[in-house]
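These two chains come separately, so use the hints to put the complex back together.
Listed here are the chains, written in short residue letters.
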Amino acid sequence: MNAQFKKGVLELCVLVLLDRKDCYGYEMVDEISKNISISEGTIYPLLRRLKKEDLVSSYLKESQDGPPRKYYRITELGKEKRKI
Amino acid sequence: MNKEEYLKKLSKQIKKMSVDEKRDLLLDYEEHFRIGMEKGRTEEEISKALGNPKNVAKQIKADYMVKKAEDKPSPTSIIEALTAVAGLGLFNIFIAVPSLLLAVVIISLVLAGSAVIVIGIFITLSPLLHVFLPNFVYLPVDKGVSTIIWVLFGIALTIAGTIFVLIMSYAANKLYQMVIKLLKSNIEDIKENTMVFK
Numbered sequence: 001m002n003a004q005f006k007k008g009v010l011e012l013c014v015l016v017l018l019d020r021k022d023c024y025g026y027e028m029v030d031e032i033s034k035n036i037s038i039s040e041g042t043i044y045p046l047l048r049r050l051k052k053e054d055l056v057s058s059y060l061k062e063s064q065d066g067p068p069r070k071y072y073r074i075t076e077l078g079k080e081k082r083k084i
Numbered sequence: 001m002n003k004e005e006y007l008k009k010l011s012k013q014i015k016k017m018s019v020d021e022k023r024d025l026l027l028d029y030e031e032h033f034r035i036g037m038e039k040g041r042t043e044e045e046i047s048k049a050l051g052n053p054k055n056v057a058k059q060i061k062a063d064y065m066v067k068k069a070e071d072k073p074s075p076t077s078i079i080e081a082l083t084a085v086a087g088l089g090l091f092n093i094f095i096a097v098p099s100l101l102l103a104v105v106i107i108s109l110v111l112a113g114s115a116v117i118v119i120g121i122f123i124t125l126s127p128l129l130h131v132f133l134p135n136f137v138y139l140p141v142d143k144g145v146s147t148i149i150w151v152l153f154g155i156a157l158t159i160a161g162t163i164f165v166l167i168m169s170y171a172a173n174k175l176y177q178m179v180i181k182l183l184k185s186n187i188e189d190i191k192e193n194t195m196v197f198k
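So the protein lines, in turn, are chains V and E.
In case it helps, the working numbering puts the first sequence at residues 1 to 84.
In case it helps, the working numbering puts the second sequence at residues 1 to 198.
Pulled out of the complex, with its shape left as it was, chain E reads as follows (with noise of 0.2 Å):
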């Protein structure tokens, strides 16, 4: 393979990644070209030594990702991340899998957090409600419940899912720091696994 098609494979690998990030990432490989012409190898033997272009651009990608998730967290950043670490070949799926269990079951229970919050909001304000739309909103005054304990009971619910979703969140976000951080020392290991004492 020759400087050119080496740079070509290589952009082609890494076209997801900003204008401004790919540019600078080829010119530090033309630059690597250039100095080792001249040195005196041929374009041949520096592309075998910068090894496959397809690899060098995963573990880019992969360092690119993570950074991204880093700084923009995001559920797609965060799946982004994965699946660029996890096309390394060499993810720990052991610790993949049930960290993203563990994020599914936390983001619904954020979910269902909120909706209690939204029903303990409407049911503390249903007897202002009932006033304008009788029709539509219930008072259990009928089954002997006083407005007043229902109102109360309205009020306890909203509170107690503030809270269940404030911890839920600090859950969340705890756990996201969590993945990053292994995404990291998963980035790390590989990169160590492609070298070879002499």
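Next up, chain V with everything else stripped away, as it sits in the complex (with noise of 0.2 Å):
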């Protein structure tokens, strides 16, 4: 595979995962498993930095199943990187 194309698509899949809807870590490590496998740990690393980045801004929500999951939304600034 390209690098220059394997670059950032990571990071792509997230904010185009995120630019549809919210989503918890888990829901967006199993929808970009589908396609590309990847090592499930690095996604919270990669959504630090996207949120440190204001790509992507992070809330609380109730679940039924139990505890409150941490949500992501994604930003003005995220949904401009996106068209990139």
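Hints are supplied without guarantee of correctness; some may be wrong.
[Said to hold, decoys possible] Pulled a few chain V residues facing chain E out of the computed Cβ check, cut under 8 Å:
1) TYR26
2) TYR44
3) ARG69
[To be verified] Covered by chain V, per the in silico footprint, the following chain E stretches (three or more residues, Cβ under 8 Å):
4) 29-38
5) 54-60
No lab work stands behind these hints: they were computed from the structure.
Just so you know, these numbers come straight off a predicted model, no measurement behind them.
The beta-carbon is built from N, C-alpha and C at its ideal position, and this holds for glycine as well.
Next up, the structure:
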């Protein structure tokens, strides 16, 4: 696989997913691993970086199954970046 | 490895991070375990899918240190960031070593420039100091250099030193930004290297 192409793919996957709807971390891993095999643990460092760069934000939301989950939402800046 | 072992190993690896950051991160992984188990996976399966906690921690640390170096520029923070990224194993040494050498050269030049400024100020003030400390402060009057020329020479040295230091500080700042950018792109490269297209 071309390195230039691979670069930023994971980041783009996350932004595209969040542009569709808000997700929690596990959900994104589930979605992405349908097409790409990633080491699941790498999604959280990536999400932290995107959050620090203000491309996504996070909030806690109650779930029917148990304690609240951390959901991520794309920011305006993230939407711009997704288009590029 | 079960959940507890995994989280323990991870927290051991990131103990240098701030308490808040650490707690936040561990909560993310705890949530991952919880949801995975709700979906019927075992703790062992989830641990395996998450990947070696050491590698996960390395990535977290590299991100953290680079961010820190960006927010609080200092020689220590940049060296920490460099080593953290180097710890990821795929760091491009052919870029890292020359940029570090260049940094050392620039810092030495800034120090040399500062020394020139100090000497310049001293020479400028030397006629005055000579009045108070005739035995310690040397004036080259006996060599036929007039005091006025000597003072002008001191002023010129001070100005030249200042300009030199300003230029070098500017260069150091640019280099710093370059290194940060480089580190960031390295982190991204490595991230992509951990995944495989199906």
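Verification of the supplied hints:
no. : hint  : verdict
1   : TYR26 : 4 Å, holds
2   : TYR44 : 5 Å, holds
3   : ARG69 : 6 Å, holds
4   : 29-38 : holds (count 7)
5   : 54-60 : holds (count 4)
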